[in-house]
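Number of protein chains: 4
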Amino acid sequence: MKDLAIVATGGTIDKVYFDAKSRYEVGPPNVEKVLGELNLSITFTVTSLMRKDSLDMTREDRKLLHDHIATEPCPRILVTHGTDTMVKTARSLLSLKDKTIVFTGALEPALFKTSDAVFNIGCAVGAVQALPFGVYIVMNAKVFPADRVVKNLSLNRFEQISP
Amino acid sequence: MKDLAIVATGGTIDKVYFDAKSRYEVGPPNVEKVLGELNLSITFTVTSLMRKDSLDMTREDRKLLHDHIATEPCPRILVTHGTDTMVKTARSLLSLKDKTIVFTGALEPALFKTSDAVFNIGCAVGAVQALPFGVYIVMNAKVFPADRVVKNLSLNRFEQISP
Amino acid sequence: MKDLAIVATGGTIDKVYFDAKSRYEVGPPNVEKVLGELNLSITFTVTSLMRKDSLDMTREDRKLLHDHIATEPCPRILVTHGTDTMVKTARSLLSLKDKTIVFTGALEPALFKTSDAVFNIGCAVGAVQALPFGVYIVMNAKVFPADRVVKNLSLNRFEQISP
Amino acid sequence: MKDLAIVATGGTIDKVYFDAKSRYEVGPPNVEKVLGELNLSITFTVTSLMRKDSLDMTREDRKLLHDHIATEPCPRILVTHGTDTMVKTARSLLSLKDKTIVFTGALEPALFKTSDAVFNIGCAVGAVQALPFGVYIVMNAKVFPADRVVKNLSLNRFEQISP
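Sequence lines, in order, name chains A, B, C and D. Just so we're aligned: 81 in the UniProt record's numbering is position 81 of the first sequence, and the numbers increase by one with no gaps anywhere. Just so we're aligned: 78 in the UniProt record's numbering is position 78 of the second sequence, and the numbers increase by one with no gaps anywhere. Just so we're aligned: 88 in the UniProt record's numbering is position 88 of the third sequence, and the numbers increase by one with no gaps anywhere. Just so we're aligned: 72 in the UniProt record's numbering is position 72 of the fourth sequence, and the numbers increase by one with no gaps anywhere.
For the record, the hints were derived by calculation from the structure and aren't laboratory data. Predicted model only: the values in this text are computed from it and were never measured. A hint or two may mislead.
Because identical chains share one entry, a pair is satisfied inside a single copy or across any pair of copies.
To be verified - DSSO-like cross-link-like pairs, simulated, lysine-lysine; straight-line CA separation at most 30 Å:
#	residue 1	residue 2
1	K2	K52
2	K52	K97
3	K99	K63
4	K33	K151
5	K97	K113
6	K113	K99
7	K113	K63
8	K113	K151
9	K52	K113
10	K151	K52
11	K88	K2
12	K88	K33
13	K33	K113
14	K151	K63
15	K88	K63
16	K33	K63
The task is simple: from the sequences and hints, build the whole structure.
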């Protein structure tokens with residue numbers, strides 16, 4: 001078994017640009033590219049489960065993610081996800097009690113010079129190895145339990161709330 | 001009290017280049033620059049305790065670091081350090097039992113396009129919030145207890161050993 | 001008088017990203033940012049004449065650009081412009097005989113890690129100082145007279161044609 | 001015949017870092033890497049003639065460069081060179097009257113995030129296609145005839161002088 005199972009669902013971190021349409025679309029998982037450029041002492045798998053803007057995620061998508069993780073033998077899971085509904089999806093996994101599940105993503109596409117993607121993936125990879133079983137969001141350098149976090153839209157960052 | 005106390009000691013992560021001498025020297029802490037470019041939800045202090053290549057660290061330097069951390073009120077400590085003697089310094093702190101102390105650094109200077117510095121700092125920041133009290137090294141995406149890690153010089157990475 | 005008058009009209013080089021809409025829009029001139037990060041021995045002005053996707057440029061926009069350059073006292077002009085209609089706009093200036101006018105732009109937004117913007121601006125700045133009066137396009141590392149170039153859409157690059 | 005013959009001689013632009021010695025050494029030509037990442041409409045050759053810090057260049061090295069360029073059939077030559085003696089080497093080629101020879105280099109190694117290498121190579125590639133026969137230095141965004149330029153060491157940039 002690998003040290004870590006990574007599940008990519010899409011979101012800003014994976015956005016690519018199609019000039020013809022002047023639009024972003026969600027491309028293949030950038031977490032694989034980021035980790036591939038480093039000299040790692042951990043092993044991992046990457047599953048690209050869907051490529052969705054998180055505003056487009058449905059109840060069925062969340063069910064699919066839940067069932068995928070429920071049957072994943074590796075107890076350490078990293079989920080990359082869009083930020084707008086990251087909290088909602090994370091909370092939909094709270095019934096999974098026998099794994100450490102960490103969500104992360106990026107506020108700017110990984111292909112931007114100023115993206116937070118590399119730092120966030122690092123932060124999540126560090127946290128997932130150390131946290132007890134449970135569901136967490138790691139964004140803005142902070143580890144949040146999934147039931148105590150919201151995205152502050154005006155400040156464009158995640159913040160802790162009372163449970 | 002801040003969420004995190006960062007102590008910079010030098011090492012490759014902080015190396016800058018002086019053209020006249022075609023030599024690197026250790027500059028101010030790059031951890032401050034890396035974190036300063038992000039939109040954080042944690043608070044922290046940075047103390048530049050020394051600016052040393054880790055091969056030049058002495059018993060007195062390690063004593064200074066030990067005493068600094070012993071009297072630091074914040075229980076979560078991140079130490080940036082050169083990689084060549086990182087393990088030795090980390091082990092010199094094993095008597096400090098009431099703090100979570102995480103060492104990280106970089107195999108390439110932070111000012112390089114290909115540096116591992118941003119990822120490593122992220123990984124360490126994620127781990128330090130989640131680990132129990134103890135001394136750890138976070139390098140090559142892996143969290144190592146300080147007494148179970150060596151730097152593999154030929155592969156230029158840190159690896160786990162039996163305690 | 002400055003060494004160089006830069007006129008920004010928009011295009012991919014200046015595109016910024018608004019997450020809420022998952023769309024690019026044209027922002028302030030990136031040529032100013034690129035040159036501002038360098039230690040230059042030339043002086044220049046930057047005029048942001050419009051912020052347009054080049055597909056949206058009208059006859060009136062081209063008239064405005066023509067008249068602006070016609071009255072510009074500096075004989076060395078660099079125009080940043082979207083690539084899709086760059087050739088058309090350049091040819092609309094062929095009646096201006098007493099200036100060296102060089103168009104450039106980017107196939108990827110300047111904020112991308114892999115953007116050609118910095119190289120292209122460099123290439124145009126080098127060429128504009130050396131070329132005789134006339135209208136040119138500098139893209140894909142090549143200096144093209146405006147009447148001997150097309151954008152090859154399938155290869156996404158500019159190519160020479162017979163006049 | 002290719003559009004451009006590039007001759008690499010070393011200098012800061014090609015410096016790589018060997019951690020064991022905390023020293024830079026001159027590596028393979030970075031101009032090849034920079035141009036290789038772009039989608040070009042020009043063809044070129046790259047000859048790595050020597051790998052020298054420019055302070056170490058001897059009379060014999062300059063003779064070798066002179067003779068190499070004298071016998072090069074392509075009339076457009078780009079030379080990458082260290083900055084400290086770039087002017088001296090450029091002037092040693094002033095007897096070559098039937099080619100356009102442009103020198104460039106970088107004040108920071110190309111592998112640095114903040115390097116001027118990509119811009120400078122762009123600037124030189126643009127200028128070499130447009131300049132009449134002669135020997136030039138293209139640095140700090142400016143095209144200088146080789147007999148009218150010095151490196152201002154305190155400002156770390158090239159400046160024009162009277163011939």
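Right, here's what the structure says about each hint:
1. With identical chains, the CA atoms of K2 and K52 are at most 30 Å apart within one copy only, with a shortest distance of 26 Å there and 37 Å across copies.
2. For the identical chains of this complex, K52 and K97 are intra-copy neighbours only, at 26 Å inside a copy versus 45 Å across copies, given an alpha-carbon limit of 30 Å.
3. Within a single copy, K99 and K63 get their C-alpha atoms as close as 17 Å, which meets the 30 Å cut-off; across copies the closest is 40 Å, which misses it.
4. When the C-alpha separation of K33 and K151 is checked against a cutoff of 30 Å, the pair qualifies both within a copy, at 26 Å, and between copies, at 25 Å.
5. Proximity of K97 to K113 under the C-alpha cut-off of 30 Å is found in neither arrangement, the shortest distances being 38 Å within a copy and 40 Å between copies.
6. For the homomeric pair K113 and K99, neither the shortest alpha-carbon distance inside one copy (34 Å) nor that between copies (35 Å) is at most 30 Å.
7. In this assembly of identical chains, K113 and K63 lie within 30 Å of each other by CA distance neither inside one copy nor across copies; the values are 34 Å within and 35 Å between.
8. Taking CA atoms no more than 30 Å apart as the test, K113 paired with K151 passes in both settings, with 23 Å inside one copy and 27 Å between copies.
9. When the C-alpha separation of K52 and K113 is checked against a cutoff of 30 Å, the pair qualifies both within a copy, at 23 Å, and between copies, at 23 Å.
10. When the C-alpha separation of K151 and K52 is checked against a cutoff of 30 Å, the pair qualifies only within one copy, where the shortest distance is 19 Å, while the shortest distance between copies is 33 Å.
11. When the C-alpha separation of K88 and K2 is checked against a cutoff of 30 Å, the pair qualifies both within a copy, at 28 Å, and between copies, at 29 Å.
12. Within a single copy, K88 and K33 get their C-alpha atoms as close as 27 Å, which meets the 30 Å cut-off; across copies the closest is 33 Å, which misses it.
13. In this assembly of identical chains, K33 and K113 lie within 30 Å of each other by CA distance both inside one copy and across copies; the values are 15 Å within and 14 Å between.
14. In this homomeric assembly, K151 and K63 come within 30 Å of each other (Cα to Cα) only inside a single copy, at 22 Å, whereas the closest approach across copies is 43 Å.
15. With identical chains, the CA atoms of K88 and K63 are at most 30 Å apart within one copy only, with a shortest distance of 12 Å there and 48 Å across copies.
16. Proximity of K33 to K63 under the C-alpha cut-off of 30 Å is restricted to the intra-copy arrangement: shortest distance 27 Å within a copy versus 41 Å between copies.
Figure legend: structure checked against the earlier numbered hints; hints not met, in rising order: 5, 6 and 7.
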